[in-house]
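Q: Now for the letters of each chain:
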Amino acid sequence: MNLTLVLATLRQRFTSPIRILIVLLFGWMPMIPILMAPRAGFAALGDCYFLALALAAGMIGQDLSSGTLQLLLARPVTRAQYVFSRWGAVAAGTFLITVLQTLVAALIMTLRGAPVPWGGAALLLANSALLALGTAAVMALLSSLATGLGDLGLLFLVFISVQVLEKIGMFKSWEWLVRGAGELLRALKPELDLAPYFHGGPVAWLAVVSYLSTVTLCLGLAVVVMNRRELSYASSGN
Amino acid sequence: MDGIRIESLTKTYRAGQVRALDGVSLEIAPGEVFGIIGPNGAGKTTLLGCLLGFLRPDSGRVSIAGREPDDLAIRAVSGYLPERLTLDRWMTGLDFLAYHHALARLPVAGRAAAVQTALTRVGLDPEAAHRSIRRYSRGMLQRLGLAQALLGRPRYVFLDEPASGVDPAGVVLFRRLLDEVRADGTTVVLNSHQLDQVERVCDRVAFVKQGRIEALETLHAGAAMARVLRVRGPAGTIGEAVPRAALELAAQRAGAELREVSPPLARFAVPDDAGAVRLVQALVAAGVPVAEVTPEEGRLERLFLEDAPPGGPA
Chain Z
72 MNLTLVLATL RQRFTSPIRI LIVLLFGWMP MIPILMAPRA GFAALGDCYF LALALAAGMI
132 GQDLSSGTLQ LLLARPVTRA QYVFSRWGAV AAGTFLITVL QTLVAALIMT LRGAPVPWGG
192 AALLLANSAL LALGTAAVMA LLSSLATGLG DLGLLFLVFI SVQVLEKIGM FKSWEWLVRG
252 AGELLRALKP ELDLAPYFHG GPVAWLAVVS YLSTVTLCLG LAVVVMNRRE LSYASSGN
Chain D
250 MDGIRIESLT KTYRAGQVRA LDGVSLEIAP GEVFGIIGPN GAGKTTLLGC LLGFLRPDSG
310 RVSIAGREPD DLAIRAVSGY LPERLTLDRW MTGLDFLAYH HALARLPVAG RAAAVQTALT
370 RVGLDPEAAH RSIRRYSRGM LQRLGLAQAL LGRPRYVFLD EPASGVDPAG VVLFRRLLDE
430 VRADGTTVVL NSHQLDQVER VCDRVAFVKQ GRIEALETLH AGAAMARVLR VRGPAGTIGE
490 AVPRAALELA AQRAGAELRE VSPPLARFAV PDDAGAVRLV QALVAAGVPV AEVTPEEGRL
550 ERLFLEDAPP GGPA
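Going line by line, the protein sequences match chains Z and D. Each residue of the first sequence is one higher than the one before, starting from 72 at the first, in our numbering. Each residue of the second sequence is one higher than the one before, starting from 250 at the first, in our numbering.
The hints are simulated quantities; they were obtained by calculation from the structure and are not laboratory data. Please note that a few of the clues may not be correct.
[Claimed, not checked] Under 7 Å between C-beta atoms, here's a sample of chain Z residues computed to sit facing chain D:
1. Gln133
2. Thr139
3. Pro147
4. Ala151
5. Asn198
Small disclaimer: the values here were computed from a predicted structure and weren't measured. We treat Cβ as the ideally placed atom computed from N, Cα and C, and that holds for glycine.
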């Protein structure tokens, strides 16, 4: 990972007015239920999936379409470093917002006289970190495949297609299709629930392997796609 | 060798239907300022893309100082200015240069000073440097792009249409910068349509057409003989009654160079306008009947005008 790239990505993501607006929307909307029912705990905050999507959208594709990637990769930066830096920055940015969200929620709870479940906060943050890393990995792959914000379109397309497949499987009673579609849906939103661990038990090894393999596969494929990609406007015409 | 070596480079697009480069071979010496010219679609940008390691050739090889073009050690000592300059528009000019300074792995200690020097070097207003790149004019963008390409005094500089969109003062500045870069011993590859600029700054030029190097011209840029004059005499004089030796002697006295005698014409190279005046005076003093003196169009211009350019395939 390249620290300069990570910091630049974070700055880029947090200086886009539209992105800030979306982040504010997804970041602070969950505060309403906390305000209404402060004793409900941190579960009301929900997960950080849409926050991660908002920060990840176009993480590589926008560099591809704008042409800034050429200048960047003319520097001593490998394409793998570039992919990992973008991934790390998006995950870190998402986690940072989640931490802020959690702190604000805790403040609201305190001000409204409700006890702050710090154990719940720790679980929320741990799960959020894993979901942010997973979602950023999926988006890194999709963004390496599509220019601009095409990664969001691809995600939507895959999501709809898999759901249609799942419905077909259910209609035809094809268990294998239903299971396959379910796995694919889980791969689109890689998460690992650490609740068993926080409650003193083990986390299912299958869930751990499944999560890690999805993240690794997505990042690996993103690097392969980027390494194979030719970077010159000449390739489109000259 | 520390220079650039291109061996039998072939590159096609659309599953081989479009042949952008067709067996290009070339050697660029260390410290040389090398120009690439040619009509649109000739393969110039593809060649530059292969030199930068952005494009994978179908066959052939590019090596820079004996390494692959995308070797990080080469990239650490290279600068690049693309033609379609799209910078990170959310940054200020200062941020942008500091960012590229960091990406180039240049020392943090001297970063602020290096960035300021780079800005001054390209004549970018210090106030503008604090502004968002989004608000830069085309010329300012080009200057900023040039500043980032020259950060850290690179050993190899690749410039794709560096003077496009730049005002006349910027063009003069660009030439001065290239002189400085040349004095540093930097190897420069310049892709440009501005033939007069190329003719002024480059040591050698490759004329690329349909993916091949059609001609390789040595220009001696910056050397004494920058212009060529055609001197015509009445029939039976130049090259006949007036022998080549007499023309050579007159040229020598005027500090000019006799290039070619083709009765009734003789071609002389002169350094500048004053040299042209001295040549005409020397010819008249030597008794050469001068009927007409015309400046020759640029040598590179001729390459574009002639179907079969002189010099032959490289």
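Q: Next step is simple, just say for each hint if it's right about the structure.
A: Outcome of the hint check:
1. Gln133: violated, 10 Å
2. Thr139: Given a least distance of 6 Å, the restraint on Z:Thr139 holds.
3. Pro147: holds, 4 Å
4. Ala151: Interface hint status for Z:Ala151: violated (12 Å vs cutoff 7 Å).
5. Asn198: Z:Asn198 check fails; min Cβ-Cβ to chain D is 31 Å, beyond 7 Å.
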